[in-house]
Amino acid sequence: MSAHADTHAHDDDHGHHHKETFVTKYIFSQDHKMIAKQYLITGTIMGVIGVLMSIMFRMQIAWPEQPNVLFEALLGKWAPGGVMDADIYLALVTIHGTIMVFFVLTAGLSGTFSNLLIPLQIGARDMASGFLNMVSYWLFFLSSVIMIISLFVEAGPAAAGWTIYPPLSALPMAQGGSGMGMTLWLVSMAIFIASSLLGSLNYVVTVINLRTKGMSMTRLPLTIWAFFVTAIIGIVSFPVLLSAALLLIMDRSFGTSFFLSDIFIQGEVLHYQGGSPVLFEHLFWFLGHPEVYIVLLPALGITSEIIATNSRKPIFGYRAMVMSILAIAFLSTIVWGHHMFISGMNPFLGSVFTFTTLLIAIPSAVKAFNYITTLWKGNLQMNPAMLFSIGLVSTFITGGLTGIILGDSALDINVHDTYFVVAHFHLVMGISALYGMFAGIYHWFPRMFGRMLNKNLGYLHFWVTAICAYGVFFPMHFIGMAGLPRRYYTNSNFPLFDDTANANVVITMFAIIGGIFQLVYLWNFFYSIFFGKKAEKNPWRSTTLEWTAPVEHIHGNWPGEIPHVHRWAYDYSKPGHEDDFVPQDVPLYDGEEELQH
Amino acid sequence: MTAFLTLIIVLFIAIAIWQMVKIFDLAQVGSSNSVVATDKDNKINGYLMMGFLVFIYAITIASFWYLGDLPLTSNSASEHGPEVDNLMVISMTLIFIVQTITQFLLHYFAFKYKGEKGRKALFYADNNTLEAIWTFIPVVVLAGLIIYGLFTWTSIMNVEETEETLVVELYAQQFNWKARYAGEDNTLGMANVRLIDIDRANILGLDESDPNAQDDVITTELHLPVGKPVLFKMRSQDVLHSAYMPHFRAQMNCVPGMITQFGFTPTVTTKEMRLNPDIQEKVANINALRLEKKDEIEARGQDLMYEFDYLLLCNKICGKSHYNMQMKIIVETQEEYDAWMKEQKIFKNSLTNN
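Residue numbers (the working numbering), protein chains in the order written: chain A, 1 to 597; chain B, 1001 to 1354.
The shape of chain A in the complex, shown without the other chains:
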């Protein structure tokens, strides 16, 4: 492998004789840095759509069945007279979930940063297979396009919730969205999974094989550990969702009965017999729960890196951090049943899953405490990336703690599928992962585009977002504790929940303000790509290898030899050194001990 890498370098040294065309450079690029940017931009566009949808259905919840020009303009026939239709409400909720979880926080987050950072931080010329990497992005692009096309079909987009439980998702007569909309949803997701698997395999192979000299596994930055383990979880669990999707397609189109049995709908008995929807739930959540960590671990990895750099301190407990990532990854594959306590599954299984679920709180707590200790006696540089990282720790704690209630089967009976759940997972995985993504973008923007994001706009973006995120999701716990079920088109149909109506208006206000202020970020992002201040080589004075490569992107990353690694990634403020950081490629001086971490 290293021989191959060296020839590559050789090519680059001798002028750029394989001239790149516009198409090979910007479109069908095999360079990991360009692919990272492609993921980021596609993810951003999907994110805008997902957030816009959430603002629309929040408006419906706050002001039920009130005409709204936004609906009239964007929903067309689904909002006769500007009043949102109940079918499209469920579709918006469904597609919002799908887009945010998969297209933004899986592909947008992992796709961007695994691609950008794995080769640069481990000291590799590129991914193990540039071609597969390119295919992975284009499959993702294709699945995004299909998902967007599904919004425009006659009977409406998929509307069975992002978990697409059959029979609702399997029977076109059960709701409009279960027709062509659901077919496209399944096709899009199948392609998405293929993309994700190609990407993950590539990440794993690259980390195992292409580390530069001296980059032992215990010297890897925590970002790489997080991306590496995330990719493994993806490889283990995504195929299970693919099989569930394929079986569902068989039930829908070819008359099999994997998930269906004894159904009487719209005046007729269907032929299905012997299947079980609970089987689908098992298959779905066998991916669905690890998916939470596929979303969250990269964000935590990014945060570890940024908190250490900006605290000018080594990350506290490197070994414990790695162990907790591994523990979370392992446990994440044996907790899926906590989504199914009241699904009709054997109550004994409920006990088992309660046990494994609450265990996962332990490595999570270790991580939170280690972050806080890293801040202690640091010299905190409050860059926007640092603010988002601290924000992540805050929402990770707030959102994570309520998991103690939801993971406890006896308590879950009460709050299952209420707004309590919505508040919990939005804080702990949605907002936290989004903060991780923003942190990563602010931190590595100079590495990606060679320019800096505007710092002050970053501050504005963070503080408004932070306040709005808590404003939306904190009171939502209390609405859930009043027993309000999620996915209700309106809560004003019977009076039991009337006293939560005002809180819902406040929540929607926060959501609208928070949503609008993302424009500040978008403006900053697109403006700075072209007109931002030129970046220095290592603006944050960081130790990791990506900052030793030239600002200008070159194919193969380093013009000469790949730097060798002599120390771990967290030598910040190490006694005996003039500077408060020692890059990984600086050899130990005579008598210096590498920290026995």
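Keep in mind that the hints were calculated from the coordinates and are not lab data.
Only a predicted model underlies this, so the values are computations on that prediction, with no experimental measurement involved.
Among these hints, one or two may not hold up.
Residues on chain B that point at chain A, a partial pick, calculated with CB under 10 Å [to be verified]: (1) Ala1062; (2) Ala1121; (3) Leu1122; (4) Tyr1148; (5) Gln1173; (6) Gly1183; (7) Leu1289; (8) Glu1296.
All C-beta atoms, glycine included, are put in the ideal place defined by N, C-alpha and C.
Got chain A; can you put chain B on it based on the hints?
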């Protein structure tokens, strides 16, 4: 018109942000050219971190102030309810203690150690004792919670069906609920959706030849005698539904093709619950809010004034009218229940085209 105004307001907000962006940009050029955080930035954001801590506490207090009646932690109406509520209160207390402390440490450290030029951070990479402490403490606390939780769960879910148990079928379909009582023989007749015969009004697919089915009673309201254990057998004819009875701390999915079950013993009659001071306060509050929206509510054709009732809600997305799928639950004395039951038609007599 309101729609048009909304659009204009949104437009203005967008323009305002645009302008703010510009001002921020210009202001930056004047003060400092640094693209990374300066000491001044560190200071301002450090103070803002403390401000944010105050905001988190404030929104916590405000949420408790306005939404703090937490109906799911008190006034349960079933025998196992108080135990669940107790576990809930313990868990919530614990969460709030940990939340308050850790958020304080996080934001206080972010403020206290805000960067200054020339200061060097402490090189502090590891401490096994500390790691052990914060592994061990969660282990102990969680072990306690897990054990308590599992005992509660097991006692709720393992319902024994005795002579005394009232067996009721809950039957879900898009978008309403039916209840089926076993009748005099206290045995539910066999049923399957394949036997549904709309023409004969056999809407739940009872086996007409099954002697146990003859005296079954199908209703659209759920009546339960107080103090008597009830075991629900749940069926669904089309898609997944979930029978959610929040006042009784009870919920179970209804799954096509299988029968699920959940049992509890109601302890408070509807009449008694209406006299409960907490509930009266809640009802008064809701009615005050409803009076404010009088026109809107009457336009929708609803009764203006709210009177407390237990409800069975659908809590699993089931299609267009998911939000409108409930059934009234009435808990009453045995005599009242018997009297009501006597008025109901038994299955045999409810069939048409006999």
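Each hint tested on the structure:
For Ala1062(B), the suggested interface contact is upheld, since its CB lies about 8 Å from the closest CB of chain A, less than 10 Å. The closest approach between the C-beta of Ala1121(B) and any C-beta of chain A is roughly 4 Å, which is under the 10 Å cut-off, so the hint is satisfied. At about 4 Å, the closest approach between the beta carbon of Leu1122(B) and any beta carbon in chain A falls short of 10 Å, and the interface hint on this residue holds. At about 8 Å, the closest approach between the beta carbon of Tyr1148(B) and any beta carbon in chain A falls short of 10 Å, and the interface hint on this residue holds.
A distance limit of 10 Å between C-beta atoms decides the matter here; for Gln1173(B) the minimum to chain A is near 8 Å, and the interface restraint holds. For Gly1183(B), the interface hint is violated, since its Cβ never comes within 10 Å of a Cβ in chain A; the closest pair sits about 23 Å apart. Taking 10 Å as the C-beta contact cut-off toward chain A, the hint placing Leu1289(B) at the interface holds, the least distance being around 5 Å. Residue-level restraint check for Glu1296(B) holds (minimum Cβ-Cβ distance to chain A is 8 Å; threshold 10 Å).
The structure fails to meet hint 6 from the earlier list, while all remaining hints are met.
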